[in-house]
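Note that the protein sequences, when read in sequence, are chains W and D. Counting from 1, position 190 in the first sequence corresponds to residue 189 in numbering that gives the first Met the number 0; the numbering is continuous, with no gaps. Counting from 1, position 83 in the second sequence corresponds to residue 82 in numbering that gives the first Met the number 0; the numbering is continuous, with no gaps.
Be aware that a few hints might be false.
Facing chain D, according to a computed beta carbon distance under 10 Å, are these residues of chain W, among others [to be verified]:
hint, residue
1, Arg-23
2, Gly-50
3, Arg-53
4, Glu-111
5, Val-176
6, Pro-195
It is worth saying that the hints were derived from the structure and are not from the lab. A virtual CB, placed ideally from N, CA and C, is assigned to each residue, including glycine.
2 protein chains.
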Amino acid sequence: MPKVVDHDQRRSEIADAVLSIAARAGIGTVTIRAVAEEAGWSTGVLIHYFGNRRAMLAGALRRAAEISGQRHMEIAQEGDATTRLERALAEALPLDDRRLALGRVFVFFYAEAAADDRMRSEIEGYLGVWRKFVAGAIRAGQKQGRIDPGIDPLATATHLVALTDGLSMHALFDPAVMAEIRNRPPVGTWIARLAPAGPAT
Amino acid sequence: MPKVVDHDQRRSEIADAVLSIAARAGIGTVTIRAVAEEAGWSTGVLIHYFGNRRAMLAGALRRAAEISGQRHMEIAQEGDATTRLERALAEALPLDDRRLALGRVFVFFYAEAAADDRMRSEIEGYLGVWRKFVAGAIRAGQKQGRIDPGIDPLATATHLVALTDGLSMHALFDPAVMAEIRNRPPVGTWIARLAPAGPAT
């Protein structure tokens with residue numbers, strides 16, 4: 000009987016190895032050879048699945064987006080709307096290895112997106128999905144009376160997603176910012192400022 | 000008499016040509032040849048000053064940072080603290096060609112900064128200067144009673160700079176975000192949320 004190979008699973012395993020290396024030592028250290036060692040496959044297998052280093056990094060980008068999507072589905076089941084909102088945003092802060100890798104892989108492709116329309120459109124799609132999820136949590140918060148009904152959910156989501164993504168990126172460049180976001184949750188502060196005026200509920 | 004050449008001025012002119020092309024058509028179209036045509040110098044002169052394309056883009060990054068520094072000095076002379084704060088932040092939003100080029104050049108080097116420590120440290124420096132300027136405007140706003148005295152100026156500056164930089168970057172990827180920040184000033188909304196509690200002053 001021929002051996003059954005689950006190609007999607009193997010691609011995911013390779014992408015996970017890329018993300019592990021990116022979290023540990025940065026994008027600069029992601030090479031075909033390093034990923035082969037990490038994943039336990041030959042470089043030939045890697046090249047069969049991804050062709051070259053850039054394609055492997057793009058695979059890691061898609062894998063990171065997929066894992067974030069799964070996290071959003073889990074978060075959607077959780078507690079009240081403001082907790083969901085806070086978690087949906089903190090999902091992109093580099094507060095553990097998984098999210099550190101996510102941030103590094105995204106920044107790598109941001110530069111490409113600024114020059115290449117196909118990658119721009121892919122990044123636009125990921126950011127759009129995230130923004131819509133956050134806007135949904137804001138609307139739910141408004142219904143629950145926890146968020147000012149006067150604010151525009153999508154515009155506010157656009158701002159909060161930019162705040163979170165900007166902090167995540169700056170934390171990669173500046174250890175002081177990394178310390179700041181690890182010591183004091185930045186997102187909660189701003190969500191608190193979205194509370195309705197008048198007596199606290 | 001030997002011709003006197005102001006090398007700094009020539010470098011600035013070349014960097015300005017890079018920024019013009021970046022604003023008009025994106026970083027992908029910045030080539031030695033295109034910049035030579037734009038600046039009115041030969042490709043030989045450009046190579047004499049910058050060596051290669053990457054060095055020319057790094058020159059444009061430094062020039063963009065220099066122009067922003069000059070803008071900060073002008074803004075420091077302006078009106079009340081919250082106006083200064085708003086302008087110091089809007090300085091990085093791609094609301095005209097100059098700031099569009101600034102955003103594009105920075106995103107290009109963000110990816111490099113994620114892998115190269117020298118560029119990381121350079122970017123860290125620029126962001127640090129911007130953050131301190133914004134923190135100064137927040138402190139002035141607190142003294143003038145226009146900003147909640149209970150907030151931490153540097154932490155809040157870190158957040159506002161990240162919000163602005165994140166919006167600027169997302170606007171490069173998504174026309175809807177670009178339209179949003181051009182139609183509704185995003186920064187003023189958040190500064191208004193930093194006002195002290197109680198009756199408006």
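Against the structure shown, which of the earlier numbered hints fail to hold, in ascending order? 1, 2, 3 and 6
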